[in-house]
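Residue numbers (this note's numbering), protein chains in the order written: chain S, -13 to 287; chain W, -13 to 287.
Simulated from the structure, these hints should not be mistaken for laboratory data.
Be a bit skeptical, because a hint or two may be false.
As the list claims (entries may be wrong) - What follows is a set of in silico ranges between Cβ atoms, one per label pair, in the way DEER data are often shown:
{"no.": "1", "chain 1": "S", "residue 1": "Leu263", "chain 2": "W", "residue 2": "Ser16", "range": "51 to 59 Å"}
{"no.": "2", "chain 1": "W", "residue 1": "Val55", "chain 2": "S", "residue 2": "Ala96", "range": "19 to 27 Å"}
{"no.": "3", "chain 1": "S", "residue 1": "Lys232", "chain 2": "W", "residue 2": "Asp98", "range": "32 to 40 Å"}
{"no.": "4", "chain 1": "W", "residue 1": "Asp98", "chain 2": "S", "residue 2": "Thr8", "range": "36 to 44 Å"}
{"no.": "5", "chain 1": "S", "residue 1": "Asp256", "chain 2": "W", "residue 2": "Gln236", "range": "28 to 36 Å"}
{"no.": "6", "chain 1": "S", "residue 1": "Pro91", "chain 2": "W", "residue 2": "Asp98", "range": "41 to 49 Å"}
{"no.": "7", "chain 1": "W", "residue 1": "Lys158", "chain 2": "S", "residue 2": "Gly35", "range": "26 to 34 Å"}
{"no.": "8", "chain 1": "W", "residue 1": "Gln22", "chain 2": "S", "residue 2": "Ala17", "range": "35 to 43 Å"}
{"no.": "9", "chain 1": "S", "residue 1": "Thr8", "chain 2": "W", "residue 2": "Thr163", "range": "30 to 38 Å"}
{"no.": "10", "chain 1": "W", "residue 1": "Val156", "chain 2": "S", "residue 2": "Ala249", "range": "49 to 57 Å"}
{"no.": "11", "chain 1": "W", "residue 1": "Glu255", "chain 2": "S", "residue 2": "Lys37", "range": "54 to 62 Å"}
{"no.": "12", "chain 1": "W", "residue 1": "Gln22", "chain 2": "S", "residue 2": "Leu263", "range": "31 to 39 Å"}
Quick caveat, the model's predicted, so the values are computed rather than measured.
Glycine included, every Cβ here is placed at the ideal spot set by N, Cα and C.
If you want the building blocks of each chain, they are given just below.
Protein chains: 2
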Amino acid sequence: MQVLANKDFNDWARQRQMHMETVLERVLPSADLAPQRLHQAMRYAALDGGKRVRPLLAFAAGELTSAPVDRVETVAAAVELIHVYSLVHDDLPCMDNDELRRGKPTCHVAFDEATALLVGDSLQSLAFQLIAERTVAHSPSIQLELIRLLALASGSRGMAGGQAIDLESVGKTLTQTELEFMHIHKTGALIRAAVLLGAHAGSGLDSSQLDAINHYATCVGLAFQVMDDILDVEASTATLGKTAGKDAEQNKPTYVSILGLEAARKLAEDLHHNALLALPEFGESARRLAQIADFIVQRQS
Amino acid sequence: MQVLANKDFNDWARQRQMHMETVLERVLPSADLAPQRLHQAMRYAALDGGKRVRPLLAFAAGELTSAPVDRVETVAAAVELIHVYSLVHDDLPCMDNDELRRGKPTCHVAFDEATALLVGDSLQSLAFQLIAERTVAHSPSIQLELIRLLALASGSRGMAGGQAIDLESVGKTLTQTELEFMHIHKTGALIRAAVLLGAHAGSGLDSSQLDAINHYATCVGLAFQVMDDILDVEASTATLGKTAGKDAEQNKPTYVSILGLEAARKLAEDLHHNALLALPEFGESARRLAQIADFIVQRQS
């Protein structure tokens, strides 16, 4: 049963990952276009990599509201471009100074720092260009609301703000609440945006449904981060595709450093359980969201 | 006559600059809000500085179409936030490595590199948030088009792309055409966006009017850059508020290095003249756009 369910999910996920790759291939400027080096570097950073967790969440959330694929693929691509830009900037020497990402040299290593800076900047602009120029919602007003949600999730009150809190916490002792506050911004905001944008690309949701989706997204976002912290300790660099053990080396507070490995595992399971509690009211249409929650706590990399 | 006209323009410009300051004060997150250091740095970079040329252009273009002030102020602020983000990133050590901007230490000097990186990233998100969440056009569809224009002007086919071309040209000999291609992207795209967004914030424009505005914006954008190159040679660091003589020191191709000082001055005057040729069809409503063109070639800093 478990095997079958996994195979079904794996097939679904692999199809969407390939679909996402095709969409990103198409929306990223061609490497032949001037400025070529910048466009090559944008494609290097964004293509052929990653689990595409945020696009999978957007596609899965789109199933709740029967969102047309051409709308969901656009919001999924926009969220993924924001995510990739943040990885490129986070890897820079003045931030995490990381040399390996998705099993390849990071963008500033493969190209140079200035180019990587512009890659991140340009990917952010491209995300907003995409979501403004294609139809992604039932009405232009709802589309404006989606752009606002994505901008909020990306900026100083969302992802970039979480990164700033992370910087300030290096070498400090945080409480679990402070750590949670950081991650709700750093990774949670964009994961939540992926779910909300995917759902909004379809028919309307009532406020109780929106609350349920928000609850799911918050739990899944935190579970994802707790697992990241666990994997940074447990997995090898080869499995992760990025440098393992960086958190401890950089003296960063993590769920593992604060709670210990066992309690962190328990927390991930509790968050997983909590995420699933939000889904029954959507019936069978929430099947993929449930499977993604499973995947997030079971993943090995 | 000249003195009176200048006083009239100076008063108009000073009022809009102060107005812009008030709007930016209001839209930037308070320095008390977490993450405080990031918000302090965003305010440090964006407030109390600069000539606000792009907002002035947006306000002036808004007069062509009787754009309501609450719409123009929003597009003006969004364009200025994009401009400020680009300055913060351009000043970073991996780019121009500049320590002085608008008469103050640059953001990464006053704070640190990682914070300056996040300041730029967050200001870009804030620009799109603003222009999505406030009403800036007659209809949500037109508003989506404005967001698309701003994103295009900011990204790899606009400002960030121009910056990449600039990086590739250091130490190279460019033709005047190649230099122009770079500047049409690096500074021209956002200046054009300021004019177009300001005009679109009001009533509709027909295609001949749009062509005329595009022509004006292209000429003024280039004239602005030619004057920048001239001032980098002629003005002092104190007058400029940023380090003078950087272009020659960094072996960057400029209009002065390619054409010589006299021919560069002549080019600025020709562009000025050409910009004004686009305006008569708008009658008195184009008065401020004409005065900004005058100001751009007469400025001393």
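Now for the hints, and whether the structure bears them out:
no.	hint	result
1	S:Leu263 x W:Ser16: 51 to 59 Å	violated (36 Å)
2	W:Val55 x S:Ala96: 19 to 27 Å	violated (47 Å)
3	S:Lys232 x W:Asp98: 32 to 40 Å	violated (20 Å)
4	W:Asp98 x S:Thr8: 36 to 44 Å	holds (40 Å)
5	S:Asp256 x W:Gln236: 28 to 36 Å	violated (56 Å)
6	S:Pro91 x W:Asp98: 41 to 49 Å	violated (25 Å)
7	W:Lys158 x S:Gly35: 26 to 34 Å	holds (32 Å)
8	W:Gln22 x S:Ala17: 35 to 43 Å	holds (41 Å)
9	S:Thr8 x W:Thr163: 30 to 38 Å	holds (37 Å)
10	W:Val156 x S:Ala249: 49 to 57 Å	holds (53 Å)
11	W:Glu255 x S:Lys37: 54 to 62 Å	holds (57 Å)
12	W:Gln22 x S:Leu263: 31 to 39 Å	holds (35 Å)
In summary, the structure is inconsistent with hints 1, 2, 3, 5 and 6 from the numbered list given earlier, while agreeing with the others.
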